[in-house]
Amino acid sequence: MKSIRTYLVLVILSVICLANFTAAMQGYRGSLKAADRLVENRLSEKAHILSAFLDQHTTLPRGIFDQQTLYQIWDQDELIASSINAPDNLFAPVDGNFHLQSHAGDRWRAVGMTLDQSQIQVIVAEKYSAYASLTEDILLRAIIPIIWVLPVLGILVWLVIHIGLQPLKRLANSLSKREANDLKVIQMDAYAGELTPIVAALNGLFSRLSEAFDRERRFSSDAAHELRTPLAAFKVNLHSLGKNEIQSEDLERLKRTSERMEHSIEQLLTLNRVASAGEGAPLEAYDLYGITRDVIADMYVIIENRKQTIELAGDPLLLRVDPGSLAVVIRNLIDNASKYSPKNGSILVSTESSNGMAILRIEDSGKGIPKAEHARVLERFYRIGGDQNDSDITGSGLGLSIVSFVLKLFGGKINFFESKTLGGLGVEISFPSAGNSDD
Amino acid sequence: MLLDIVIIVLRETLEASVLIGVLLSVSRHTDINLLWIFPAMILGTAAALFYALSLGEISEWFDYAGQEVINAGMQYIIYALLGCIVCLLFSLDKQKRKYLKGLMVASVAMAMVREGSELFVFYTAFLSQPGSALQAATSGFIGLSVGVSAGVIGYYALVTQKPPTAKAFQAFLLVLILTGMAMQATQLLIQVDWITVNEPVWDTSWLVAEPSATGQVLYAVFGYEATPSLIEIILYFISMAMILGPVMLLNFFTKNRNNEVKP
Chain A
0 MKSIRTYLVL VILSVICLAN FTAAMQGYRG SLKAADRLVE NRLSEKAHIL SAFLDQHTTL
60 PRGIFDQQTL YQIWDQDELI ASSINAPDNL FAPVDGNFHL QSHAGDRWRA VGMTLDQSQI
120 QVIVAEKYSA YASLTEDILL RAIIPIIWVL PVLGILVWLV IHIGLQPLKR LANSLSKREA
180 NDLKVIQMDA YAGELTPIVA ALNGLFSRLS EAFDRERRFS SDAAHELRTP LAAFKVNLHS
240 LGKNEIQSED LERLKRTSER MEHSIEQLLT LNRVASAGEG APLEAYDLYG ITRDVIADMY
300 VIIENRKQTI ELAGDPLLLR VDPGSLAVVI RNLIDNASKY SPKNGSILVS TESSNGMAIL
360 RIEDSGKGIP KAEHARVLER FYRIGGDQND SDITGSGLGL SIVSFVLKLF GGKINFFESK
420 TLGGLGVEIS FPSAGNSDD
Chain B
0 MLLDIVIIVL RETLEASVLI GVLLSVSRHT DINLLWIFPA MILGTAAALF YALSLGEISE
60 WFDYAGQEVI NAGMQYIIYA LLGCIVCLLF SLDKQKRKYL KGLMVASVAM AMVREGSELF
120 VFYTAFLSQP GSALQAATSG FIGLSVGVSA GVIGYYALVT QKPPTAKAFQ AFLLVLILTG
180 MAMQATQLLI QVDWITVNEP VWDTSWLVAE PSATGQVLYA VFGYEATPSL IEIILYFISM
240 AMILGPVMLL NFFTKNRNNE VKP
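Going down the list, the protein sequences come from chains A and B.
Residue 0 is where the first sequence starts when you use numbering that gives the first Met the number 0, and the numbers rise one by one after that.
Residue 0 is where the second sequence starts when you use numbering that gives the first Met the number 0, and the numbers rise one by one after that.
The set of hints was computed from the structure by calculation and includes no laboratory data.
Even for Gly, the Cβ is constructed at its ideal location relative to N, Cα and C.
Some clues are possibly wrong.
[Claimed, not checked] Derived Cβ-Cβ restraints for the label pairs, each shown as a range:
hint, chain 1, residue 1, chain 2, residue 2, range
1, A, Gly104, B, Phe37, 40 to 50 Å
2, A, Ser132, B, Gly101, 46 to 56 Å
3, A, Thr5, B, Gln190, 36 to 46 Å
4, B, Phe37, A, Ala284, 51 to 61 Å
5, B, Asp202, A, Leu152, 24 to 34 Å
6, B, Ala132, A, Val151, 20 to 30 Å
When you get a sec, could you build the whole thing from the sequences and use the hints?
Have a look at this one:
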């Protein structure tokens with residue numbers, strides 16, 4: 000069954016139709032039987048009228064009955080009187096019972112009886128078609144409204160079912176409008192009793208999912224914290240080894256590896272912070288330009304150490320996002336731009352509003368990323384060139400996946416392009432705008 | 000009179016709608032899109048009109064037994080098509096099920112030619128009588144509604160079953176319908192003396208009289224005959240065995256194969 004509504008409408012209408020038909024046919028048969036009884040009573044009366052005439056008069060008056068009636072009066076085997084439309088032979092058995100006889104292209108209801116204390120036999124008959132068509136006409140007029148009202152009934156049944164299924168539609172709408180991380184319980188009181196088991200099951204599922212997410216977050220957070228301490232000790236030991244004038248390529252490689260591990264742990268912790276921030280819907284509007292300016296100010300020393308220049312252009316733009324998460328996104332993107340640009344390179348950051356979207360562009364003078372890799376760099380732990388990445392740049396492959404995660408959380412989008420101004424990679428992120436900061 | 004017309008319309012529509020209901024449920028359980036019904040009905044209606052308009056000429060064939068012989072031929076073709084559908088339902092090779100759609104279109108179109116042409120002829124004759132339009136429309140609507148309702152209830156009764164149960168009921172109903180088709184074809188050939196019959200073997204008129212509403216409906220769907228002759232009974236069981244035999248063999252081989260696959 001694909002649609003409950005179609006199923007209910009069709010089956011209810013079909014059942015109504017069959018029930019109506021059966022009832023109408025029963026009514027039809029019942030009416031015919033009643034009409035039969037009526038005619039039989041009338042035939043008996045007519046037979047008695049004839050017998051009364053025979054008792055009092057020698058001749059019967061002409062046209063005593065209408066054309067729909069015929070009669071015969073027999074004295075033993077002799078037909079002593081009959082209506083004009085009656086045949087000459089014995090029309091029906093004289094046994095007091097009612098019979099259906101064929102005569103003159105029609106069917107007749109007939110009764111034959113012997114009069115009291117004599118040998119006179121009277122047969123009276125009435126045309127069957129005359130009263131059958133009358134009965135049918137009466138019945139037809141009674142059942143036609145029932146039959147033709149079926150289409151109207153169909154529309155009414157459809158409407159009633161449509162209204163009846165509204166709570167289900169409301170539940171489906173409310174579920175489809177939920178954010179991916181919204182695992183709040185559904186209020187049972189708001190739905191019909193029939194939906195309570197579904198709502199209860201969904202609430203149970205949400206609660207289990209929420210617990211599972213909590214466990215996962217706690218695990219990554221605890222693991223990152225637990226790794227921080229031994230790593231710090233490890234770095235101290237490495238530093239001591241360096242002081243002891245033991246210099247080798249292996250030691251340098253160990254130092255780089257430990258830096259990468261430290262970076263990965265920091266990124267994991269960032270991911271946790273961002274995920275937690277996304278749970279409470281950030282409804283206040285924040286200025287994209289202002290947050291970007293603050294992030295640049297924080298990172299300025301690192302950029303300056305690399306002898307790079309950074310420029311910020313644009314106007315204040317408001318968005319409804321968690322400011323901490325947005326800062327993480329901008330920091331990750333500027334950090335990447337700086338890391339992958341050469342010494343003395345340049346970074347251009349700009350904000351712009353277009354078609355109701357607040358846009359932030361970060362362009363660098365590095366080598367850029369091949370187009371084929373654009374989608375993959377957003378995957379977790381993915382680095383161009385994989386484990387064989389030969390750059391000296393410390394990275395975990397988590398930075399852009401964190402950016403992508405935050406954008407998904409707050410309805411943002413990311414695009415990569417080739418910077419025409421600086422020749423390196425250009426990254427464009429956009430969020431639905433919350434208006435202009437001047438408003 | 001009204002009841003008689005309703006029964007005539009119902010007799011023709013019920014057979015087609017029960018068949019359509021069962022075949023649509025087969026489509027649902029075998030993941031075949033139900034839309035095949037529309038080309039089948041359009042094709043069937045067009046062919047029914049063409050056939051009805053040509054009946055005058057056709058009835059002169061085979062020494063004025065043309066209509067009965069051609070109708071019987073169509074019934075036997077529907078019997079064969081439905082037989083193939085039942086066998087495919089139990090077929091080991093699921094790839095062969097792609098032929099189901101074509102077989103279903105052909106059998107529904109053919110059934111509609113058979114029933115539709117009779118309705119067309121009946122209504123053409125009936126409407127020529129003055130003042131019959133209201134009776135014709137009412138009885139036609141009642142007959143059509145009741146026939147379609149039975150088909151809808153049959154369809155949903157089958158699709159709401161679990162697949163193995165539904166398959167058993169579908170096969171059971173299809174076998175009853177197709178043997179009914181063969182029985183009707185035999186009766187048509189008896190009418191034109193192509194098959195000679197002897198004395199009836201039994202008489203169940205006391206239980207269900209053929210002219211009664213129930214008798215007519217049973218005739219329409221399952222080819223009910225109150226006073227069958229020996230040859231009719233033999234042909235009925237042969238037509239049933241010709242389908243049930245292959246189906247039972249296929250079922251037997253499927254079970255054996257499943258047992259072999261089990262560790």
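Do the hints match the structure? See the list:
no.: 1; hint: A/Gly104 x B/Phe37: 40 to 50 Å; verdict: 47 Å, holds
no.: 2; hint: A/Ser132 x B/Gly101: 46 to 56 Å; verdict: 49 Å, holds
no.: 3; hint: A/Thr5 x B/Gln190: 36 to 46 Å; verdict: 42 Å, holds
no.: 4; hint: B/Phe37 x A/Ala284: 51 to 61 Å; verdict: 55 Å, holds
no.: 5; hint: B/Asp202 x A/Leu152: 24 to 34 Å; verdict: 43 Å, violated
no.: 6; hint: B/Ala132 x A/Val151: 20 to 30 Å; verdict: 22 Å, holds
The structure shown violates just one earlier hint, number 5.
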